[in-house]
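Visitor: Residue strings, one per chain:
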Amino acid sequence: MEKIKKRREGKVIFSEYTRGAGINKLKEFSREDVLFELKESGLKGRGGAGFPTATKWMLTAAAKSDKKFVICNADEGEPGTFKDRVLLTEYPELVFDGMVIAGYTIGAKLGIVYLRGEYEYLMKPLQDYLQVMKEDNLLGNNIAGVTGFDFDINIVMGSGAYVCGEETALIESLEGHRGEARNRPPFPVNTGYMGHPTTVNNVETLAAVSHIVIKGGNWFKKVGTDKSTGSKLLSISGDCNKPGVYEVPWGTTIQEVLKLVDAKDTKAVQVGGASGICLNKTQFDRTISYEDVATGGSIMIFNENRDMLHILKNFMEFFVEESCGQCTPCRIGNVKMLEGIEMIERNDYTFSYINKLKGLAETMKVASKCGLGQSSPNPFLSIIENFREEIFNGSHGGRNGK
Amino acid sequence: MLVEEKNAVTEEIENLVKTYGSERSALMPILQEIQKKHRHISDYAQQEVARLLDIHPVEVFSFISFYSFLNTEPKGKNIIRICRTIVCDTKNKSAVVAAIERELGIKVGETTKDKKFTLEYANCIGMCDQGPAMAVNDRVYTKVTPEKAIAILSEVRG
Ligand SMILES: Cc1cc2nc3c(=O)[nH]c(=O)nc-3n(C[C@H](O)[C@H](O)[C@H](O)COP(=O)(O)O)c2cc1C
Ligand code: SF4
Ligand code: FES
Numbered sequence: 001m002e003k004i005k006k007r008r009e010g011k012v013i014f015s016e017y018t019r020g021a022g023i024n025k026l027k028e029f030s031r032e033d034v035l036f037e038l039k040e041s042g043l044k045g046r047g048g049a050g051f052p053t054a055t056k057w058m059l060t061a062a063a064k065s066d067k068k069f070v071i072c073n074a075d076e077g078e079p080g081t082f083k084d085r086v087l088l089t090e091y092p093e094l095v096f097d098g099m100v101i102a103g104y105t106i107g108a109k110l111g112i113v114y115l116r117g118e119y120e121y122l123m124k125p126l127q128d129y130l131q132v133m134k135e136d137n138l139l140g141n142n143i144a145g146v147t148g149f150d151f152d153i154n155i156v157m158g159s160g161a162y163v164c165g166e167e168t169a170l171i172e173s174l175e176g177h178r179g180e181a182r183n184r185p186p187f188p189v190n191t192g193y194m195g196h197p198t199t200v201n202n203v204e205t206l207a208a209v210s211h212i213v214i215k216g217g218n219w220f221k222k223v224g225t226d227k228s229t230g231s232k233l234l235s236i237s238g239d240c241n242k243p244g245v246y247e248v249p250w251g252t253t254i255q256e257v258l259k260l261v262d263a264k265d266t267k268a269v270q271v272g273g274a275s276g277i278c279l280n281k282t283q284f285d286r287t288i289s290y291e292d293v294a295t296g297g298s299i300m301i302f303n304e305n306r307d308m309l310h311i312l313k314n315f316m317e318f319f320v321e322e323s324c325g326q327c328t329p330c331r332i333g334n335v336k337m338l339e340g341i342e343m344i345e346r347n348d349y350t351f352s353y354i355n356k357l358k359g360l361a362e363t364m365k366v367a368s369k370c371g372l373g374q375s376s377p378n379p380f381l382s383i384i385e386n387f388r389e390e391i392f393n394g395s396h397g398g399r400n401g402k
Numbered sequence: 001m002l003v004e005e006k007n008a009v010t011e012e013i014e015n016l017v018k019t020y021g022s023e024r025s026a027l028m029p030i031l032q033e034i035q036k037k038h039r040h041i042s043d044y045a046q047q048e049v050a051r052l053l054d055i056h057p058v059e060v061f062s063f064i065s066f067y068s069f070l071n072t073e074p075k076g077k078n079i080i081r082i083c084r085t086i087v088c089d090t091k092n093k094s095a096v097v098a099a100i101e102r103e104l105g106i107k108v109g110e111t112t113k114d115k116k117f118t119l120e121y122a123n124c125i126g127m128c129d130q131g132p133a134m135a136v137n138d139r140v141y142t143k144v145t146p147e148k149a150i151a152i153l154s155e156v157r158g
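Line by line, the protein sequences give chains G and L. Residue numbers for the first sequence follow the working numbering, so the first one is 1 and each next one is one higher. Residue numbers for the second sequence follow the working numbering, so the first one is 1 and each next one is one higher.
Hint data in this document are derived by calculation from the structure and do not stem from the laboratory. Please read all numbers here as calculations on a predicted model, not as lab measurements. The reader is advised that the hints may include incorrect statements.
Under 10 Å between C-beta atoms, here's a sample of chain L residues computed to sit facing chain G [to be verified]:
hint	residue
1	27
2	29
3	44
4	59
5	62
6	81
7	84
8	90
9	124
10	125
11	131
From the three backbone atoms N, C-alpha and C, an ideal C-beta is built for every residue, glycine too.
With the hints as constraints, model all of the structure from the sequences given.
Guide: What follows is the structure, encoded as structure tokens:
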């Protein structure tokens, strides 16, 4: 863990914040005040699905139950994503203050961080941090001197399963079951962890909340676009000179991102990780936003030397391995798509069969039970479409041209 | 298994149940602790966990089989995981894998005869901006080259 805090630049998440400030603000801020500012901010979930955070919290707050829970989704399994690791390592105050604020607002006494097993090395520093919060009365009983404001945080580790980032699979895992997604409804806001109302939020969403409570919803929405308020942390990797985590306003174009990280000879940009879509040069003017190209933050850059079919195969191998196998479209569909890619690789395919696979991919999007199978066709469809010249006609130094 | 060994395992699991509780939600941390100490979860350990948490042994087995970091067969003392996801792949992870395979005389998925090392692939471990990435147990190494990988292994071997 880095001891010296790096200075990062950003208008929202990486802007000034004093540890504990959001929690202390609650002395004068009612639950309704928090919900009001959140609604005003227009904050949407940063974990990928983009559900309005104010609505999620209102529903959990309104649900009747003797127990409620806050879960921080730190499973960060999407290939190409590492911004949650940076937040937890360098800005734990934002994330944990956000959890305490969530607990206060929805009426939960316990928060659980579901940390991916691959981040085991963060366990000790995070637990040490929580201990300091307790000593400073930012966690525990009568927080910030407010009688009856009790909240504690546990950290639970995953054990290497991508699907456990899906919120209902995550809850199953926490309850001691295989990480198999649940049917919805009911939603976690009503029937979540141990059957109690639960709000599940991404690390970055919670970090944004801490700022919003201090600086207001209006301040937050000054950045970004009308429909995508605030900023987004991007985890940028691949063929560029300055990979890393960057904070950009929503509405930034792919072209601007490429410039930011000094990427040259870019052929393709995969936005949203393995489950995202792949853009070609003609699409680099598109914007990163909920209304255009949405993303949980993964941006992978590929230059002219990369083989698109190889990239696609790598993604599909990932999904074949990570599908929980519960439902047929996803369990079988991913295997069929991978086989199709291998047929193209061997030059042993027909266009009519590829078209059938495209149809299968569309079916998976609607018929799969959870987000994994609903989104795993994305790279297949977008790479086959956006790079069909290279893949099928081999004119760009692609595999058939070699 | 000898009777003394069995008793030791039982005692260990009883202690874990004291720490994590006997609710089913304690299953994950309990199994993780056993895995960490013994590098696998034996049949007997599974039975004991099942008994103490009052669930069926098959459920414990089914749980273990779902999670890639938990296993029922012993692995090496040190587990090497190389990221096989696309960004590390394009940063020449294959050369690193080949060097380790040569040096240890095993293939990915295998364990060395002296049980010191198991070599595996991992999916993205969140170090994509500094690939190729490799983890040995819970330590992560970045910008790994074939040479650096072998130096790390000698260091780990001690
Ligand atoms: C296969 C799959 C994996 C996911 N992985 C994550 C993850 O690692 N982190 C995360 O925050 N959300 C992940 N999600 C989204 C969650 O289900 C959920 O929408 C999110 O945690 C809600 O938080 P938010 O509203 O703050 O975004 C995943 C979804 C799917 C379908
Ligand atoms: S879509 Fe895939 S991961 Fe999701 S429930 Fe179905 S089989 Fe499991
Ligand atoms: S792609 Fe290797 S760590 Fe992410």
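Visitor: Compare the structure with each hint and give your call.
Guide: Hints, one by one, checked against the model:
1. 27: holds, 4 Å
2. 29: holds, 7 Å
3. 44: Since the shortest Cβ distance to chain G is 20 Å, the answer is violated.
4. 59: holds, 8 Å
5. 62: Since the shortest Cβ distance to chain G is 6 Å, the answer is holds.
6. 81: At 8 Å from the nearest chain G Cβ, residue 81 (chain L) passes the 10 Å test, so the hint holds.
7. 84: Holds. Min distance 8 Å.
8. 90: Since the shortest Cβ distance to chain G is 6 Å, the answer is holds.
9. 124: holds, 4 Å
10. 125: holds, 5 Å
11. 131: At 7 Å from the nearest chain G Cβ, residue 131 (chain L) passes the 10 Å test, so the hint holds.
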